[in-house]
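> Sequence:
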Amino acid sequence: MKKWIWIVIAIVIGVSVGGYAYARHSQNENIYAQAMKRGRLQISNKNYTAAETSFTNALKRKPNDEQANKVLNQTQSFIAANDLFNSRKFGQAKGEYQSVVDVKKGNDLLSDRAKQQITKIKGIQKNLNNYTKIYDQALDQTGQGKYTESNSTLDKIFSDKSIHQKYYADILKKAEDLRNKNNDAISGNSSSSSNDFDSSNSDSNTSNNPNVSSNKSASLTSAEKKAAAAYKGSNEYTVTQKQKDLNGKPITQAQINSARQQISAAGVDSNAMSDQDVRNIIKGAHQKGETIGQYVKSRY
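Start counting the sequence shown at 12; every next residue gets the next number (the working numbering).
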């Protein structure tokens with residue numbers, strides 16, 4: 012009789028423990044399923060951070076679940092890709108979107124949206140490449156003193172209907188700055204600062220550098236004029252007309268002033284150079300098929 016009672020008790024305990032374990036397992040399965048469902052819904056609503064949280068909660072219920080791991084990693088990659096895209100790091104963003112697409116049996120909606128973004132990035136990169144080529148051509152024309160032609164080239168950028176999209180803000184700003192410099196050169200405004208500097212610093216530059224001359228001959232003493240005439244080196248007093256020409260045409264003061272701006276922009280002190288130094292740079296850049304900035308950076 013006693014043994015029978017213990018058997019009954021053991022059966023009751025076993026059933027109770029089994030029932031609890033089953034109930035707990037069933038509860039976990041239900042919470043997991045609900046978390047996965049919420050995650051998919053959040054993706055549908057484009058609430059990707061909330062979807063990431065839902066998939067993380069699902070993994071807490073089933074830590075080694077393959078599907079939850081897949082969609083969580085896929086969602087995190089998509090979030091990272093969006094951040095890179097918004098930062099205009101298009102090459103890196105395209106790589107992250109591709110990793111979303113590459114997930115097998117993941118979330119199809121995420122994969123489709125990633126494919127759309129990759130197509131969009133390819134179009135943006137194509138436009139950026141075209142705009143950059145146009146800008147480089149215009150920059151080269153500016154370096155040659157062809158300011159009106161440079162503006163006409165830049166118009167190809169400004170007239171494009173896509174240029175005002177946020178993806179092209181950087182190249183648009185560069186094009187606008189170049190157009191402003193061209194307009195200043197055309198109107199003669201760009202020469203004022205350079206001329207002012209030459210006037211205010213001519214005495215000190217001439218005394219320290221035999222290649223720099225004063226703009227006003229009246230500032231030279233008789234001895235200085237005699238020394239200048241006797242000097243046999245290559246300075247402003249002795250250069251030939253041919254040295255002042257580019258392709259048989261005189262290099263204008265406007266071209267020199269514009270070149271000084273580009274030299275300074277390249278990190279080199281153009282104020283320490285004579286006009287002939289600047290002419291030589293203009294001619295050298297033209298012969299090498301380079302912009303003023305490119306020519307100066309590689310040689311100074």
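Mixed in with the good hints there might be a few duds.
Distance condition first, Cα-Cα at most 30 Å in a straight line; then the derived DSS-like pairs of lysine-lysine [claimed, not checked]: (1) 299 / 167; (2) 184 / 253; (3) 167 / 157; (4) 177 / 57; (5) 115 / 144; (6) 131 / 116; (7) 144 / 48; (8) 131 / 192; (9) 144 / 81; (10) 137 / 73; (11) 299 / 185; (12) 137 / 48; (13) 137 / 71; (14) 167 / 185; (15) 192 / 100; (16) 133 / 157; (17) 137 / 294; (18) 185 / 294; (19) 144 / 71; (20) 177 / 167; (21) 184 / 172; (22) 116 / 48; (23) 126 / 57; (24) 131 / 157; (25) 184 / 48; (26) 115 / 126; (27) 157 / 255; (28) 260 / 157; (29) 157 / 57; (30) 100 / 71; (31) 133 / 144; (32) 57 / 185; (33) 133 / 48; (34) 126 / 157; (35) 116 / 167; (36) 131 / 81; (37) 299 / 137.
Note that these hints are calculated values from the structure, not bench results.
> Take the hints in turn and mark each one as holding or not.
Right, here's what the structure says about each hint:
1. At roughly 26 Å between alpha-carbon atoms, residue 299 and residue 167 fall within 30 Å of each other, so this suggested pair holds.
2. Straight-line distance between C-alpha atoms of residue 184 and residue 253 comes to about 38 Å, which puts the hinted pair past the 30 Å bound.
3. Of the pairs offered as hints, the one joining residue 167 and residue 157 holds, with about 16 Å between alpha carbons and a cut-off of 30 Å not exceeded.
4. With a C-alpha separation of about 21 Å, the suggested pair residue 177 and residue 57 falls inside the 30 Å cut-off, and the hint holds.
5. Restraint check for residue 115 and residue 144: not satisfied, since their Cα atoms lie roughly 39 Å apart, outside the 30 Å limit.
6. Proximity of residue 131 to residue 116 is assessed by CA-CA distance (about 24 Å); at most 30 Å being required, the pair is judged to hold.
7. Annotation: proposed proximity of residue 144 to residue 48 is violated, straight-line Cα distance about 49 Å (limit 30 Å).
8. A threshold of 30 Å between alpha carbons decides the hint, and for residue 131 with residue 192 the separation of about 33 Å lies outside it, so the pair is violated.
9. Between residue 144 and residue 81 the alpha-carbon distance is near 42 Å, which puts this suggested pair outside the 30 Å criterion.
10. With a C-alpha separation of about 45 Å, the suggested pair residue 137 and residue 73 falls outside the 30 Å cut-off, and the hint is violated.
11. A threshold of 30 Å between alpha carbons decides the hint, and for residue 299 with residue 185 the separation of about 23 Å falls inside it, so the pair holds.
12. For the given pair, residue 137 sits about 39 Å from residue 48 by alpha-carbon distance, which is inconsistent with the 30 Å threshold.
13. This hinted pair does not check out: residue 137 and residue 71 have alpha carbons roughly 44 Å apart, beyond 30 Å.
14. In summary, the hint linking residue 167 to residue 185 is supported, as the alpha carbons are separated by about 14 Å, within the 30 Å threshold.
15. For a cut-off of 30 Å, the pair hint linking residue 192 to residue 100 stands: about 29 Å separates their Cα positions.
16. At most 30 Å may separate the alpha-carbon atoms for a hinted pair to count; residue 133 and residue 157 exceed this at roughly 33 Å.
17. About 33 Å separates the Cα atoms of residue 137 and residue 294, which puts this hinted pair outside 30 Å; it is violated.
18. A threshold of 30 Å between alpha carbons decides the hint, and for residue 185 with residue 294 the separation of about 25 Å falls inside it, so the pair holds.
19. At most 30 Å may separate the alpha-carbon atoms for a hinted pair to count; residue 144 and residue 71 exceed this at roughly 52 Å.
20. Taking the CA atoms of residue 177 and residue 167, the gap is about 18 Å. The hint holds against a cut of 30 Å.
21. Between residue 184 and residue 172 the alpha-carbon distance is near 16 Å, which keeps this suggested pair within the 30 Å criterion.
22. Straight-line distance between C-alpha atoms of residue 116 and residue 48 comes to about 16 Å, which keeps the hinted pair within the 30 Å bound.
23. Taken as a hint, the residue 126 and residue 57 pair is honoured in the structure, with Cα atoms around 15 Å apart against an allowance of 30 Å.
24. A hinted pair counts as satisfied when its Cα atoms are at most 30 Å apart, and residue 131 with residue 157 does not qualify at roughly 36 Å.
25. Restraint check for residue 184 and residue 48: the C-alpha separation of about 46 Å exceeds 30 Å, so the hint is violated.
26. Between residue 115 and residue 126, the direct Cα distance comes to roughly 14 Å. Compliance with the 30 Å bound is thereby established for this hinted pair.
27. Using a Cα cut-off of 30 Å, the hinted pair residue 157 and residue 255 holds, with the two alpha carbons roughly 17 Å apart.
28. As the CA atoms of residue 260 and residue 157 are separated by approximately 13 Å, the hinted pair is consistent with the 30 Å bound.
29. The suggested pairing of residue 157 with residue 57 is violated, with an alpha-carbon distance near 50 Å, which exceeds 30 Å.
30. Proposed proximity of residue 100 and residue 71 is contradicted: the alpha carbons are some 34 Å apart, above 30 Å.
31. Straight-line distance between C-alpha atoms of residue 133 and residue 144 comes to about 17 Å, which keeps the hinted pair within the 30 Å bound.
32. With a C-alpha separation of about 35 Å, the suggested pairing of residue 57 with residue 185 is violated against the 30 Å cut-off.
33. Among the hinted pairs, residue 133 with residue 48 is inconsistent with the structure: their alpha-carbon atoms are about 33 Å apart, more than 30 Å.
34. As the CA atoms of residue 126 and residue 157 are separated by approximately 44 Å, the hinted pair breaks the 30 Å bound.
35. A distance of roughly 46 Å separates the Cα atoms of residue 116 and residue 167; the hinted pair therefore is violated under the 30 Å criterion.
36. This hinted pair checks out: residue 131 and residue 81 have alpha carbons roughly 25 Å apart, not beyond 30 Å.
37. Simply put, residue 299 and residue 137 have alpha-carbon atoms about 28 Å apart, close enough for the 30 Å limit, and the pair holds.
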